[in-house]
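All chains should be modelled from the sequences, with the hints used to inform the complete structure.
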Amino acid sequence: MSSVSFVKIQKNAVSSVKQAIHEALGLIDYSFKKATKNVVIKPNLCYYWDYSTGQTTDPRFVEALIGLLREKIVPNPSISIVEADASAMKCRHVFRMLGYEKLARECDVKLVNLSEDQSDIAEVTVGKRAFRLRVPRTIQDADLRINVPKIKYTPRETKITCALKNIFGCNPYPKKSRFHPELKEVIVATNKAMRFNLCIIDGNIVSGIQPRRLGLVMASKDPVAVDAAAASIIGLNPDMRYLRLASKEGLGSMFFTPKGVSLNYFKARYPKKDAETKLVNMVYSLVVRMRLGRRIGLE
Amino acid sequence: MKKVGLGVIGLGYIGKIHLRNGLKLENAHIVGVSDLSKRALDDAKILGVKKTFTNYEQLLKEPNLDSVIIGLPTHLHLDCAIRAIEAGKHVLLEKPIARDVKEAKEIVSAAQRNSVKLMIGYPHRFNPAFRELKEKIESGELGDVEIAYATFISSGPFFHRTVGYVPSPVPEWWFDKELTGGGALMDLGCHLINLLRWYFGEITGINSYLGYRFNIDLEDHAICMTQFESGTTGAINVGWFSQEYQLKIDLLGSVSHASAQHRPENRLVAAARMLTTGISKLYWPHLAELQYFAKCLIQDSKPSPSGEDGLKDLEAISLAYKNAVDLERWR
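Chains A and B, in that order, are what the protein sequence lines are. The numbering of the first sequence is my numbering, which starts it at 1 and goes up by one. The numbering of the second sequence is my numbering, which starts it at 1 and goes up by one.
Since the hints were derived computationally from the structure, they do not count as laboratory data. Please read these numbers as outputs of a predicted model, since none were measured by experiment. Where is the CB? At the ideal position from N, CA and C, for every residue including glycine. Hints may be right or wrong, so weigh each one.
[As the list claims (entries may be wrong)] Result set (BS3-like, lysine-lysine): computed pairs, CA atoms no more than 30 Å apart in a straight line:
id, chain 1, residue 1, chain 2, residue 2
1, B, Lys51, B, Lys61
2, B, Lys281, A, Lys273
3, A, Lys90, B, Lys177
4, B, Lys281, A, Lys272
[As the list claims (entries may be wrong)] Stretch-level coverage of chain B by chain A, calculated; a stretch enters the list once three of its residues show a Cβ under 8 Å from a Cβ in chain A:
id, stretch
5, 213-225
6, 269-279
[To be verified] Derived DEER-like restraints, expressed as beta-carbon distance ranges:
id, chain 1, residue 1, chain 2, residue 2, range
7, B, Lys102, A, Leu279, 48 to 58 Å
8, B, His75, A, Arg269, 42 to 52 Å
9, B, Trp284, A, Ser87, 26 to 36 Å
10, A, Lys128, B, Pro169, 32 to 42 Å
In structure tokens:
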């Protein structure tokens, strides 16, 4: 069974976040290898919403992580922060708008738009379904890949966005909406094609029904265990088809050993969906399913 | 009853609102629409529009067309408005009138030269809450309004963070100062400047502080200190930085105070209203605006806010940019 650690960030400051990440890694007995040369960090930069919305990874969280990497890995490795263009988001804008260009200048790290990176085709199967996915060279060449996702609800069939879904964002193909009809399979395939070594969840500010400072750092080497824990925190049953599929495909275990602060502490504080939001989402799904969106101007 | 023949040029966010509203009018009918996007034109067909064009020049040749609503990106206003005006069509041009004062002057003088009606799309002039403020000022109920505090905050061109909805792409032109002419002050500030000019007369002085939370070339928030010929001092606050929409005006007078605001309704009610009537309450002022525009054409009266109003608003914004204060120096 995998370990997942839960640590409370004491103060809303980079030094405090760094301390919390350090503790979270200690609880899962993770230590950085001295010989590491290339590190890739994948935050969640899904759109032009800044960290205060809880939708995107806080650059200060990544700054704290970079500080820790610089301390623990000698000589200093090359660090790349990666993201790919998406249907509604362009990296060249998102890096600037969300403060990552400033971070890159100040911390001497690279920003890589995976959609513009060289890539190779990987053939991956999920069940009987075969996928051909482009794997960017920056990810292939890294000897340490760190996934820094958020914990969010999503209207998609996966219900949550956390570790596994964040790696779907490494797919260099920008029009990701074309994958939505078989989203869970593509997410699992992408995670199989691009294995990340470590998940460190930025749960300092979370979105939920509305943004709230939860002050959580969660860490694990197992993305499936992290997603199962995240599902519990946001009030969903972790026994989801999506996670069962990921587990069956060897990406990790849905069962985990919690370490550190009780999961229930964060679960009680996560801003969960209320009845009104659920109803609005239901109406919206109905509109989409009945293909009424274009008629009434919702699309 | 005579019906005005309307055309909609540009079926982006605002063009679609005008189209849906135009289809509801009793004193007008939609002759046709124009957009480069085939999908947008297909959507218009679904709504019942018979004639769709990828080139607006073809729409302008339609014999039953009296006027056009232009909802194109700001950098395309000049060309399109001039062509429509020279084709003898009356124009409802979305705000801001143009990217800069020079372009705005060209549009206004073309309309004057061709005796064409030119109205600028400021829907909040038709919002009952803001009209009521005007009545209170004119009736003397508030006394002398010394301070007007106006705020318009939204997510601007960046999609609202709402659980259950998927973000839409931001058109590239929004990121280019050359194409927009300005940021939040231009986009949202023009509404407030127009409303306050309507209330208190011409602007005699204006300066501004411009903020850049998102590190792009365009200001994403601004505060303007404004002096009006009535003697009122206006504090104008605009921003693209918030996921919560707020449009509010507070008037502090020597006798009394008054406030008005325009706010989105409860999401559930809004969703139900969209499903049943096709228009959310947020866009009722746009419907009233279009009704008024059609009425002006039928009655042959000059619409207000006019092109000259749009020009004056832009002159004020241009001066606010010129007089922008660098707060970094204060630190």
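Tested hints:
Distance restraint check for lysine 51 of chain B and lysine 61 of chain B: the Cα-Cα separation of roughly 12 Å lies within the 30 Å cut-off, and the hinted pair is therefore satisfied. The hinted pair formed by lysine 281 of chain B and lysine 273 of chain A meets the criterion: a straight-line CA distance of about 25 Å does not exceed 30 Å. For the proposed pair lysine 90 of chain A and lysine 177 of chain B, the alpha carbon gap of about 18 Å is at most 30 Å, so the pair holds. The suggested pairing of lysine 281 of chain B with lysine 272 of chain A holds, with an alpha-carbon distance near 28 Å, which does not exceed 30 Å.
Residues of the stretch 213-225 of chain B with a Cβ under 8 Å from some Cβ of chain A number 4, which satisfies the need for three, so the listed coverage holds. With 5 residues bearing a CB less than 8 Å from a CB of chain A, the stretch 269-279 of chain B meets the requirement of three and the coverage assertion stands. The hinted window of 48 to 58 Å between lysine 102 of chain B and leucine 279 of chain A holds, with their beta carbons roughly 51 Å apart. Checked against the hint of 42 to 52 Å, the pair histidine 75 of chain B and arginine 269 of chain A passes, with Cβ atoms roughly 47 Å apart.
Under the hint 26 to 36 Å, the C-beta atoms of tryptophan 284 of chain B and serine 87 of chain A, about 31 Å apart, fit the expected range. In this structure the hint that lysine 128 of chain A and proline 169 of chain B lie 32 to 42 Å apart at CB holds, the actual value being about 34 Å.
Of the numbered hints given earlier, the model fails none.
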